[in-house]
Amino acid sequence: MYYPEPLNKLIIALGKLPGVGPKTAQRLAFHLLNAPPGEARDLVTAITEARQKIHYCSVCGNLTDRDLCSICSDPQRDSSIICVVEEARDIIALEKTRQYRGLYHVLQGAISPMDGIGPEQLTVKELLGRLSEREVKEVVLATNADVEGEATALYLARLIAPMEIKVTRLAYGIPVGSDLEYADEITLARAFSGRRQIK
Amino acid sequence: MSAIELKQLQLTNFRSYNQLSWECKPGLNIIQGPNAAGKTNLLEAIGYLSFVRSIRQQQDQKIMSRGSSFFKIKGLCLSNKELMELDIVYQNNNKKLTINRNQHRLIDLLGIFPVIFFGPDDLYLVKGSPFYRRQYLDREISIRDRSYCQCLQTYRRILLQRNRLLREIKYGNCKVEELIPWNSQMVATGIIIIHKRRHFLEALAPLVQEIYAGMGAGEYLSLHYKPNIANEEDWLAKITVVERQEIEVGMSLWGPHRDDFTFLLDDFEARFFASQGQQRSAVLALKIAEANYFRQTIGVMPVLLLDDVFSELDLNRQSALLELLQGAGQTFLTTTEIARLPQNLICDATLWQLDGDNSDILKIIN
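Residue numbers (numbering that gives the first Met the number 0), protein chains in the order written: chain A, 0 to 198; chain B, 0 to 365.
Isolated chain A, as found in the complex (with noise of 0.2 Å):
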């Protein structure tokens, strides 16, 4: 190899973090090595703190230092509706909009056959659990609009139904800002069936 071996296993490394290449890793590698000794110890103590901090909140599974994330944790927020989404980072999605008050719920996943993923791994149990527990009067499946997604929105929708709890889906209509002409027509034929009347 052209590098010593310390080098050579650093950029090995940090060529395996999603969407970096060889040509990045390289360049992420000798930064590290020229970037003053104190840059290089933070970014060690940066990870190995957020390994050993972070894990799933025991009611949501969102990611927390603590045992009950920030959003569980919190007494403003509206406990009589669930937002069930795939992955945590969903959740910082939601929140950006500043819209929605109520809870989440993170099934880390989304059901698919082909990748050995249904219920089971997901966390379908301490769903309905939490549901099972406390006075919930809405849950809104927020999962994603492919064909993984709407499957574990239906699979899920037809466990709550019994549970005279109100299940809603989030819309699909077109990007805010968009024009229509772009809109694929798929997105388009849906967003025309979920029209709604002008108050």
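It is worth saying that the hints were derived from the structure and are not from the lab. Model, not experiment: these values are computed from the prediction. In this text, a Cβ means the ideal position worked out from N, Cα and C, and glycines have one as well. Hints are not guaranteed to be accurate.
Computed list of chain B residues with no C-beta within reach of chain A, every gap over 12 Å [as the list claims (entries may be wrong)]:
#1 Ser15
#2 Gln31
#3 Val51
#4 Arg100
#5 Tyr131
#6 Gln152
#7 Arg156
#8 Trp181
#9 Leu203
#10 His256
#11 Phe267
#12 Thr296
#13 Ile297
#14 Glu311
#15 Leu324
#16 Asn343
Quick list of in silico lysine-lysine cross-link-like pairs, DSSO-like style, CA-CA up to 30 Å [claimed, not checked]:
#17 B:Lys94 with A:Lys15
#18 B:Lys6 with A:Lys22
#19 B:Lys362 with B:Lys6
#20 A:Lys22 with A:Lys8
#21 B:Lys94 with A:Lys22
#22 B:Lys174 with A:Lys165
#23 B:Lys24 with B:Lys362
#24 B:Lys174 with A:Lys136
#25 B:Lys237 with A:Lys165
#26 B:Lys94 with B:Lys80
#27 A:Lys124 with B:Lys169
#28 B:Lys237 with B:Lys225
#29 B:Lys174 with A:Lys124
#30 A:Lys15 with B:Lys95
#31 B:Lys73 with B:Lys94
#32 B:Lys95 with A:Lys22
#33 B:Lys61 with B:Lys95
Once you have looked at the hints, place chain B on chain A.
Below, chain B without anything else, positioned relative to chain A:
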């Protein structure tokens, strides 16, 4: 009627062509050359600009010239008096499409440069397995209707997941009730596909009938859609009945992925009962009908690609094809010998000679 016209074709590492730049002509282009000179390859390249895949159902890997790591097709088209540059590059199992030098998704090419291809292998549309006919339907409907193409992609994904689940249930790894969300999605997407296929074939059938009758064969040809799901309204209800059998074989047995359509000659299935000549006429009628349908519905004259078709037709059928060509826009026709073509075809055509030894050069010979 607006027409579409290919002005220039540039090929790099495409089959027998290492480097080709060809200024083709409007109207009829007849390409003459010996066997294996690369005539069909030219048509295939033009077809590729329409479908972003081989019209001969070949894998992209096999289309590359031997020893090269990429191929490139560039076409300059005239559509509604506007010049359009289509560029397709294949490299590392990856296709890139640019239209007027802007990168686009492959699906964006659908319907932009419509082409109808007719070659000897199209006989399989009548006598081959249902696979060919489904492929035909999917391709033809997709270029008219992008949402059909998206439905098809969704349906295939659902099918993959559902088939996997059926196998897992068979081996006891999953529960039967896990099928429910896949069933309802399969039915919802499948019904759209069935409706669009039925609509397309119902529109095409009378045209095919008329054209076949015009060939003076005397029999009566009709097209019939044979959906695998006879009654889509109760598909979802019935699905639980057949589920057990599907789990047994680990495959989805019912749905539009098993559709077919048939050619009936006087109420007999042409696939089994028609002669080779009758089958050939049926395919020819289908192709001509398709061209006419295209003009009627989209208002665009597609480019016709005819691969060595005249040699196998008798005089009646030749004249049916000639009639189509008279009203046609740009047409590319290959033949081993110009002398074998009907004389009245040649007078207005541009004749191109393709040499077996040096296939990168096309010469005008008339």
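Unsatisfied constraints (hint numbers, rising): Hints 6, 7, 8 and 18 contradicted; others consistent.
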